[in-house]
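> Full structure from sequences and hints, please.
Listed in order, the protein sequences are those of chains A and B.
The first sequence begins at 1 in my numbering and counts up by one.
The second sequence begins at 1 in my numbering and counts up by one.
Keep in mind the hints are simulated off the structure, nothing from the lab.
A hint or two may mislead.
Repeated chains share a single entry, so a pair holds when one copy, or any two copies, can fit it.
As the list claims (entries may be wrong) - Here are the simulated lysine-lysine pairs, DSSO-like style, with alpha carbons at most 27 angstroms apart:
1. LYS172 with LYS84
2. LYS172 with LYS98
3. LYS67 with LYS98
4. LYS172 with LYS161
5. LYS67 with LYS29
6. LYS151 with LYS30
7. LYS151 with LYS169
8. LYS3 with LYS161
9. LYS161 with LYS143
10. LYS124 with LYS172
Number of protein chains: 2
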Amino acid sequence: MKKRSLPLSQVYRLLEPGPVVMLTTQNSKKANVMTMSWHMMIDFEPPILGCVVSNRDYTFDILKKTKECVLSIPTVDLAPIVVKVGNCSGKKIDKFEKFNLTQVESSCVAAPLIAECYANLECKVVDTTMVNKYNIFIVEVLKAWVNPTMKNPKMIHHCGKGVFVVDGKRIKLPWHLK
Amino acid sequence: MKKRSLPLSQVYRLLEPGPVVMLTTQNSKKANVMTMSWHMMIDFEPPILGCVVSNRDYTFDILKKTKECVLSIPTVDLAPIVVKVGNCSGKKIDKFEKFNLTQVESSCVAAPLIAECYANLECKVVDTTMVNKYNIFIVEVLKAWVNPTMKNPKMIHHCGKGVFVVDGKRIKLPWHLK
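Listed below in structure tokens is the structure:
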């Protein structure tokens with residue numbers, strides 16, 4: 001897996017467009033991955049984001065306990081696996097093994113990076129006060145990686161029920177900071 | 001403006017893909033609109049979402065006080081106006097007038113719908129406990145409208161600095177509820 005460090009100040013440019021992400025946790029048994037679309041940026045630098053993980057998900061208790069995860073951003077070619085990952089629970093199976101996803105060692109957290117994804121963000125949970133009421137975990141990105149060999153990566157955005165919109169053309173409009 | 005009521009159970013299908021939205025508030029002086037990309041779904045029905053509105057924005061105090069807003073989802077043809085709306089403050093100008101956006105009366109809130117947008121969501125703020133620390137407003141969608149005359153609407157997703165990715169092709173993959 002080729003990986004290049006991405007400055008933390010640039011992380012919002014990956015997440016603000018709202019792509020589907022894969023969230024990996026690690027407990028004493030194994031690494032486990034789920035798919036997630038309910039996330040938003042909260043601050044630029046350090047990059048802080050909110051993530052909604054259902055308390056019905058196997059990931060919920062692990063994330064609450066270990067307070068670490070990796071957010072991996074897949075491209076459209078990985079969409080069939082992204083859906084399969086989202087449609088089964090890690091309680092019963094090893095999803096990395098079942099779906100042939102390749103674990104790569106992280107630098108700051110126990111959970112692994114996913115070699116097949118364009119971007120990998122090593123995160124720690126920094127606030128759990130909204131977990132009980134809304135299932136919202138506030139996480140900080142500690143380290144960000146992108147794969148420089150993937151040119152013009154196309155992300156996917158979930159419209160519900162297995163329908164995804166794929167990144168189309170990029171446009172640049174006149175823009176300045178307020 | 002043609003508008004069709006959208007069942008609240010379907011609102012997440014508009015927001016989960018992460019499009020740029022326009023957020024309109026109304027105070028005693030005027031309606032004011034800003035652009036926003038930092039939002040996420042929190043629950044399906046009633047639709048609850050989190051929105052980050054900077055405390056430097058003119059909207060912030062109005063939203064905090066009136067606890068109401070309309071979230072309007074523009075299509076790509078509106079992108080030049082979306083950027084302009086996001087690059088000036090309502091403190092000094094009337095953006096609806098300046099950018100020729102058409103106000104349409106809402107059914108549940110004081111803030112108006114925007115005729116030029118594909119979807120309009122009438123919202124009330126239901127939780128402000130995260131406003132001071134994170135600028136997060138928790139809002140509930142009370143009423144949702146879409147424009148049935150806009151076929152195959154293409155949304156835009158902000159990648160930062162005036163770069164947007166436009167909705168590309170839609171794909172449907174085998175999917176079932178866990």
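> None of the hints should be skipped; say for each whether it holds.
Tested hints:
1. LYS172 with LYS84: For LYS172 and LYS84, the Cα distance is within 27 angstroms only across copies (13 angstroms; inside one copy 34 angstroms).
2. LYS172 with LYS98: between (40 angstroms within a copy, 22 angstroms between copies)
3. LYS67 with LYS98: Within one copy, since 25 angstroms is at most 27 angstroms while 47 angstroms is not.
4. LYS172 with LYS161: between (31 angstroms within a copy, 8 angstroms between copies)
5. LYS67 with LYS29: within (16 angstroms within a copy, 46 angstroms between copies)
6. LYS151 with LYS30: neither (32 angstroms within a copy, 46 angstroms between copies)
7. LYS151 with LYS169: For LYS151 and LYS169, both the intra-copy (14 angstroms) and inter-copy (19 angstroms) Cα distances are at most 27 angstroms.
8. LYS3 with LYS161: Between. Shortest inter-copy distance 24 angstroms satisfies the 27 angstroms Cα cut-off; intra-copy 32 angstroms does not.
9. LYS161 with LYS143: For LYS161 and LYS143, the Cα distance is within 27 angstroms only across copies (22 angstroms; inside one copy 32 angstroms).
10. LYS124 with LYS172: For LYS124 and LYS172, the Cα distance exceeds 27 angstroms both inside one copy (33 angstroms) and across copies (33 angstroms).
The structure is inconsistent with the numbered hints 6, 10, although it conforms to all the rest.
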